[in-house]
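Start from the sequences and build out the full structure, keeping to the hints where you can.
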Amino acid sequence: MSKSNETKYAIELKGITKTFGSVVANNNINLTIKYGEILALLGENGSGKTTLMNMLSGIYYPDNGTISVAGEEVAISSPTEAIDFGIGMIHQHFKLVEVLNAMDNIVLGTKEKYLKPKELKDKIQNISSKFGLEVEPEKKIYNMSVSEKQTVEILKVLYRGAQILILDEPTAVLTPQEIEKLFAILRKMKEQGSAIIIITHKLNEVMAISDRVSILRKGELIDTVATKETNEKQLTELMVGRPVSLKIERPEIEKKHTVLNVVDLSVMNDDGTYALRNVNFKLKSGEILGVAGIAGSGQKELCESIAGLMKVKEGAVLCNKENIIGKTPDEIINLGISMSFVPEDRLGMGLVGSMGMVENMMLKSYKNNKGFFIDKKPSRKLSEELKKKLEIVTPNVETPVRMMSGGNVQKVLLGREIESNPNVLITAYPVRGLDINSSYVIYDLLNEQKKKGVAILFIGEDLDVLLELSDRIMVLCHGEVKGIVDAKSTSKEEIGLMMTGKSMEGVDQDE
Amino acid sequence: MNMFLNFLIAAVFAGTPLLFGTLGEIMSEKAGHLNLGVEGMMAMGACAGFMAGLLTDSFIVALIAAFAAGMLGALIYAVLTVTFMADQNVTGLTLAIFGTGLSNFIGEYMLVNSTSSSLKLPEKITATISNINIPGLSSIPVVGQLFFQYNPFVYLGILVAILCGIYLNHTKMGLNLRAIGENPAAADAAGIKVTKIKYINILLGGGICGIGGAYSSMIICGGVWMSNSVNGLGWIAVALVIFASWSPTKAIFGSFIFGAFNILKYYFPKTWITIPSAFYDMLPFIITALVLVITSIRKSKENSQPASCGVNYFREER
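In order, the protein sequences belong to chains A and B.
First residue of the first sequence? That's 1 in my numbering, and the numbers climb one at a time after it.
First residue of the second sequence? That's 1 in my numbering, and the numbers climb one at a time after it.
Please note: incorrect hints may appear among the correct ones.
If you want the footprint, here are the derived chain B segments under chain A, 3+ residues with CB under 8 Å [claimed, not checked]: (1) 170 to 182; (2) 189 to 202.
Cut-off 20 Å, straight-line C-alpha distance, at most; resulting in silico cross-link-like pairs (PhoX-like, lysine-lysine) [to be verified]: (3) A:Lys-202 to A:Lys-130; (4) A:Lys-113 to A:Lys-123; (5) A:Lys-492 to A:Lys-502; (6) A:Lys-451 to A:Lys-389; (7) B:Lys-172 to A:Lys-118; (8) A:Lys-284 to A:Lys-321; (9) A:Lys-381 to A:Lys-364; (10) A:Lys-111 to B:Lys-301; (11) A:Lys-492 to A:Lys-181; (12) A:Lys-190 to A:Lys-8; (13) A:Lys-492 to A:Lys-247; (14) A:Lys-202 to A:Lys-492; (15) A:Lys-140 to B:Lys-193; (16) A:Lys-139 to B:Lys-196; (17) B:Lys-250 to B:Lys-270; (18) A:Lys-139 to A:Lys-116; (19) A:Lys-188 to A:Lys-123; (20) A:Lys-190 to A:Lys-228; (21) B:Lys-172 to A:Lys-121; (22) A:Lys-113 to B:Lys-250; (23) A:Lys-139 to A:Lys-123; (24) A:Lys-139 to A:Lys-118; (25) A:Lys-327 to A:Lys-311; (26) B:Lys-172 to A:Lys-140; (27) A:Lys-116 to A:Lys-140; (28) A:Lys-111 to B:Lys-196; (29) A:Lys-123 to B:Lys-172; (30) A:Lys-488 to A:Lys-451; (31) A:Lys-116 to B:Lys-172; (32) B:Lys-196 to A:Lys-313; (33) A:Lys-451 to A:Lys-256; (34) A:Lys-149 to A:Lys-130; (35) A:Lys-247 to A:Lys-202; (36) A:Lys-113 to B:Lys-193; (37) A:Lys-388 to A:Lys-370; (38) A:Lys-149 to B:Lys-196; (39) A:Lys-34 to A:Lys-190; (40) A:Lys-123 to A:Lys-140.
Hints are computed from structural coordinates only; laboratory data are not their basis.
No experiment lies behind these values; they were computed from the predicted model shown.
Ideal placement from N, C-alpha and C gives every residue a C-beta, glycine not left out.
Set out below in structure tokens:
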């Protein structure tokens, strides 16, 4: 059917346009990918990356334009059809059934006849060894680590014979070592002739894995460049549309005094193991103490025990020489300790999704309200101020916060905590899922607080950011502090090693 | 000894309608839909089965009618919850009230328009649904009495339970169904037709409940039409699903145990101690509460309610 003898493209998109109501999500996009190639799709939140890929995986149908797979024009109207065309998508949130084992998840929904468990296991082992994947076919999903789950997802699409793989932000939840492992698998698949599209907004990963990069901005394809001929700075400019300094500010503050002194803090899990074990650190005014660690190393427990939400087994948390363990969350807030925890689902702790900004502000301040009826005026005034100051995009301050985009929700949460003029600000994953622009607004907010002398405990995921933003970095592994290092003199590798259990000499435990 | 044997046999008789109700509810919950309308679907099956038996004098027709009526109840539920995303609890509760009311209404109507003072099943069907006698086997002492002399419903119930167990755990369709109940988004992404399979299994579950209803109107009430013949059995069945930890084969023993509680008051020696009969009616629920406590302490992921049960699935919601 293809009229020329040119090498067939695995996928060729021509003039793809998709609108949702009056919003143009994708406008006249042309994109090609060859077999044996890794293409990175780069763009900020809302630039249309996921929408575009959802059209390839059969979730959306384009309004205009054509999709060709292996040289033939096709219409993909459902995920099943996408699989029939050899297109497999690994979603950001895994689509696995927790109580089933890896094998059952892999065969789920396939149309072939029933295979005996033994035959099936052999078939899976064959595919695994071909691409260098490691998986235990009989292990239940709920017993697996995030990285193992991802491997099952990849096996699932390979089992269905996918030649074209789309990965939506696959590295967001992995450790540096696991990312290396994933990249090794992807390179091997590339060698075997697969076409791979990887959606991401981490520039260093784009540089490490891709052959070409396509940049999307506001629904339009800005450019496609060869990875070898570009650099992170150029990519950022293409993505944001104007020159951006990638450097995060780190203002130097003359350190005054220890605000929070955590002594031998231990917290137990439900199953009797230690969630935190003998954690010691000092948090000073005017500094950002970064906390690094693999997800689930005790970050959540640390935040919650300081905020008074979790039962502590041993140890003390001294705030200006006063032990706050045993105090109620309310008393702790009154001491000026403020927490903004952004969990994966973003709303989670802190905000009520179905309430507007005004009512969410009141959650923290209702006690100041005298009398039986509520007075919305101060909260409305505060909301309007925050909206203006932080450039929060929302139709009005009464719009339910769950209707707002992730970045704006996070601004509301952080903004409210900052408004209470805390001495200590605990913030966990404040830039989770945010694009570069919004992330920098958040970093600026934190630095502004630091300059005011607030002691900030910053729990982060991205090591590059931790290294640039924090003054010191504390590394947690299995609930233990593996060391506190100076962010200016340490390296990513050193922190990566500590995250997986290697202890380091602490740089400063001085008073 | 004889007394104890009679007690066991009576427990099986009393447990059979519970078995149908439980199996029906398991099928629905495995599809991710908590259908609290078991009582209503059973009542609809009770009425349809009895009336069909009354008019045609055929056991098979009565069974089909009961199954269809239960399916009709489940269809109302499925349209509301699967297609229109209505709240599962509210819809189920409404169905329970509606089904019972409809059943009583039709029963009254038939009674008013009949020439006699009561509705009584004809002779041929009464003979078919009475206890069977297998030559040779039924006459074995103890064993024969305990295993080979029940009415056809009892054997049908056990057969359905075994078939449900095989279907759920050893077939591809069953795997797909379990995946939907646990994580419909995952099933959808794997190319499984979520809505279709939900409908099929909710309707299948409703039909099975309907047969349980027919048992209560045709057997328990002795072939004479009575209003409210299901009388709360549907609610016990919902509790039994938890007791059986969503397993059709465990449901067989569960329903016979619960059946035993239901008739315990007639067999408990009065000479020992007098306990108000309301206490016995309470027993199944106390046991269920205990089972709930024990299972939530164990925290076993396999033997618990399908993860998405009670939550409607809407593809575009991400």
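Check your understanding: Which hints, by number, does the structure contradict?
Key -> 3, 10, 15, 16, 17, 22, 32, 37, 38
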